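Q: The primary structure of each chain is shown beneath.
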Amino acid sequence: MTINRRNFIKATSLAAAASSAPGILRAQSGSARVVVVGGGFGGATAAKYLKHWGGDKVDVTLIDPRARHTSCVMSNLVLNGELPLKDLRFGYGDLTSKYGVQVIKDSVKRIDPTARELTLKQQVPVNYDVLVLAAGISFKKPRGWIANKNPHAWIAGGQTRLLKDQLQAMPAGGTFVMTIPRSPYRCPPGPYERACLVADMLQSNGGGRVVVLDANEGIQAEEETFSRAFDQLYGNVVEYSAGVELGVVDSNANVVETSLGDFSGDVINIIPTQRAGGLVRNNGLTDGGFWAPVDVTTYESTLAGFEDIHIIGDAQGSGQPKSAHMANAQAKICADAILRKLASQPTDHAERLQNITTNSACYSPITRDTASWLTAVFQYDMDKGAMALAHIAEAGEWTRDNYSEMFDWANNLFADVWG
Amino acid sequence: MIIKRKTHYLLSLFVVAGASLAQDPTIDRMIAAQCAQCHGTDGHATGDIDSIAGKDTADLYHKLIDMEEDRAEDIMEHQAWGYTDEQLYRIARYYSTVPESDDEDREDEDDD
Ligand SMILES: Cc1cc2nc3c(=O)[nH]c(=O)nc-3n(C[C@H](O)[C@H](O)[C@H](O)COP(=O)(O)OP(=O)(O)OC[C@H]3O[C@@H](n4cnc5c(N)ncnc54)[C@H](O)[C@@H]3O)c2cc1C
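From first to last, the protein sequence lines are chains H and Z.
Residue 143 in the UniProt record's numbering sits at position 143 of the first sequence, and the numbers go up by one each step.
Residue 107 in the UniProt record's numbering sits at position 107 of the second sequence, and the numbers go up by one each step.
These are calculated hints, taken from the structure and not from any lab test.
Accuracy of the hints is not assured; some may be wrong.
[Stated by the list, open to error] Sample of chain H residues with no beta-carbon within 10 Å of chain Z, all distances over it, derived:
1) Lys86
2) Gln123
3) Pro125
4) Gly144
5) Gly158
6) Gly174
7) Thr370
[Stated by the list, open to error] So the derived label-pair ranges between C-beta atoms look like this:
8) Pro99/Z <-> Ala350/H: 30 to 36 Å
9) Glu245/H <-> Asp48/Z: 27 to 33 Å
10) Thr46/Z <-> Pro171/H: 30 to 36 Å
11) Ser101/Z <-> Gln123/H: 51 to 57 Å
12) Thr46/Z <-> Thr302/H: 34 to 40 Å
13) Arg400/H <-> Lys63/Z: 37 to 43 Å
14) Asp383/H <-> Asp59/Z: 56 to 62 Å
15) Thr97/Z <-> Arg228/H: 39 to 45 Å
16) Gln122/H <-> Lys63/Z: 47 to 53 Å
17) Asp74/Z <-> His349/H: 31 to 37 Å
18) Asn236/H <-> Ser101/Z: 20 to 26 Å
19) Arg228/H <-> Asp48/Z: 52 to 58 Å
20) Asp56/Z <-> Ala172/H: 42 to 48 Å
[As the list claims (entries may be wrong)] Heads up, incomplete: computed chain Z residues facing chain H, CB under 7 Å, no partners named:
21) Met30
22) Ala45
23) Asp48
Predicted model only: the values in this text are computed from it and were never measured.
The beta-carbon is built from N, C-alpha and C at its ideal position, and this holds for glycine as well.
From just these sequences and the hints, can you work out the full model?
A: Set out below in structure tokens:
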């Protein structure tokens, strides 16, 4: 299937090039092949909306090594036993049956942007006309760190279960140490939310210590909410320090070296420095940096030689918060741009540019039955050629109502991505 | 602090009946898709979040504008603050074109 496709496109490329269409070469049948790599929040949304809006005009293939994606969203509630991990697993069945997305269960190893070909780990190469990369993050490992002993639990799955088991086995009055990397990292409020939930667990088991070592100058999101919670709810448990550089981690001895001295704990949660997933970095799409530079009106790479390669979600470096809600938002702008290009329509006319918006809205559990929220809207700034913050707000408090709204919010998000 | 800056725009909008607004429905769709993270694909929500599929343009637009006029408190009011009037109008216009599902019809009767 893929092999013939390539030749067919080559044969029709002259005709396509003669038209005024920007960029993309299409088969005469009119359906271009878009390949989406990564079935997480960004990739699954892109695949779904490309078909939802593009119908038969576009052939969409989604590639992910796993049959189901495990959501990081809500995964802190696995740690305190409020949610089973299995409830956070999402397959691609609806994307296929409702929208006609083809799914390949495999991992992409290499991108050849000239031949427009992807090398897979196990199966035959796949060709694309347009490529969307939503491969998430990878870690810059601190020296000495062994993830199987000091879990990050920042990509959900086995790591989440490991941290949960370690927390459950913690002795009464024990110490939990968490390190937070420099921004930008995935989910700005996530570490503080986790610190609150662990503190809640320890406190109801008679106490203990939650040592939070933040490489940043202060709390990175919902500052009002989290400082109040650390102070008012968990004053006897949480010890928060900002501006702490992480050194060597001795995972065998459960000790972390930092600029503030050595810390030992019963459970150590290393959330390491983050950068774009290996696939994006190893194929030159970050230009040696941590994140992929993109044009936020299309999410196409701005680097020469990577035409028709789009990067969405946590791996791109547009300065918008790295959240699932945002990955979903960006996927829709990207899908819209790809479909316009395939229809030989412009993507850079004023009416479109003035209406490029993205947003993030999320709830953070603060105790086992209360939550706060954070919301932000971004608008495209034509002068700067970048997404600019139009409005941001945080709840500043935690309530039971928010906690129950959080489940409605998450279920709707999950359904908009995989449903 | 609370400026009723919307009123004139609101009136003129319906007097001119959208004549001053650009009409490309796929742009409406692109803006409106940003609501779907919470309100469901094409506005069909699950749980206690409002479904907005098939709502009357003027009704939904007025609701969104009202959110902007008041002191924003809840998460949705703050979301509305981030959009221009024209964007809110176009969002409302898009959802009016999406068919409601049957159970949403029933829900609607209990509303207003
Ligand atoms: C504890 C925690 C809580 C969070 N809570 C929230 C929240 O409440 N709200 C919110 O909006 N965000 C939240 N986030 C952030 C959110 O999870 C991420 O921002 C989001 O997952 C980013 O989406 P993505 O598509 O970029 O990557 P991901 O969702 O991580 O998806 C990446 C996918 O790519 C696949 N992949 C990777 N490499 C390859 C390859 N070579 N070939 C094929 N496939 C590949 C992976 O298998 C994976 O399925 C949270 C994160 C954490 C850690």
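Q: With reference to the structure, classify each hint as holding or not holding.
A: Hints, verified against the model:
1. A cut-off of 10 Å between C-beta atoms confirms that lysine 86/H is not in contact with chain Z; the least separation is 19 Å.
2. Listed as outside the interface, glutamine 123/H is consistent with that label: its C-beta sits roughly 30 Å from the nearest C-beta of chain Z, beyond the 10 Å cut-off.
3. Non-interface call for proline 125/H relative to chain Z: holds, since the shortest CB-CB distance, roughly 33 Å, exceeds 10 Å.
4. The non-interface label for glycine 144/H is consistent with chain Z: the shortest C-beta to C-beta separation is roughly 39 Å, beyond 10 Å.
5. Glycine 158/H, annotated as away from the interface, keeps every beta carbon of chain Z farther than 10 Å; the closest lies near 27 Å.
6. Listed as a non-interface residue, glycine 174/H keeps its Cβ farther than 10 Å from every Cβ of chain Z; the least gap is roughly 36 Å.
7. The non-interface label for threonine 370/H is consistent with chain Z: the shortest C-beta to C-beta separation is roughly 15 Å, beyond 10 Å.
8. For the hinted restraint 30 to 36 Å between proline 99/Z and alanine 350/H, the CB-CB distance of approximately 31 Å keeps it satisfied.
9. One distance hint, 27 to 33 Å for the beta-carbon pair glutamate 245/H and aspartate 48/Z, is violated here, with the actual separation near 44 Å.
10. Distance hint for threonine 46/Z and proline 171/H: a CB-CB separation of about 42 Å, inconsistent with the stated range 30 to 36 Å.
11. A hinted range of 51 to 57 Å for the beta carbons of serine 101/Z and glutamine 123/H is inconsistent with their spacing of about 39 Å.
12. Judged by the Cβ atoms, the range 34 to 40 Å given for threonine 46/Z and threonine 302/H holds: they are separated by roughly 38 Å.
13. Between arginine 400/H and lysine 63/Z the CB atoms are about 26 Å apart, so this pair departs from the stated range of 37 to 43 Å.
14. Hint check: aspartate 383/H to aspartate 59/Z, Cβ distance near 35 Å, so the stated range 56 to 62 Å is violated.
15. About 44 Å separates the C-beta atoms of threonine 97/Z and arginine 228/H, a value consistent with the hinted range of 39 to 45 Å.
16. Checked against the hint of 47 to 53 Å, the pair glutamine 122/H and lysine 63/Z passes, with Cβ atoms roughly 51 Å apart.
17. Between aspartate 74/Z and histidine 349/H the beta carbons are some 35 Å apart, a value that agrees with the proposed interval 31 to 37 Å.
18. A hinted range of 20 to 26 Å for the beta carbons of asparagine 236/H and serine 101/Z is inconsistent with their spacing of about 50 Å.
19. Judged by the Cβ atoms, the range 52 to 58 Å given for arginine 228/H and aspartate 48/Z is violated: they are separated by roughly 26 Å.
20. For the pair aspartate 56/Z and alanine 172/H, the supplied restraint of 42 to 48 Å is violated, since their beta-carbon distance comes to about 59 Å.
21. A distance limit of 7 Å between C-beta atoms decides the matter here; for methionine 30/Z the minimum to chain H is near 5 Å, and the interface restraint holds.
22. Proximity of alanine 45/Z to chain H holds as hinted, the smallest CB-CB distance being about 6 Å (cut-off 7 Å).
23. Checking aspartate 48/Z against chain H by beta carbon gives a least distance of about 5 Å; that is within 7 Å, so the hint holds.
Hints 9, 10, 11, 13, 14, 18, 19, 20 from the list above are not met by this structure, while the remaining hints are.
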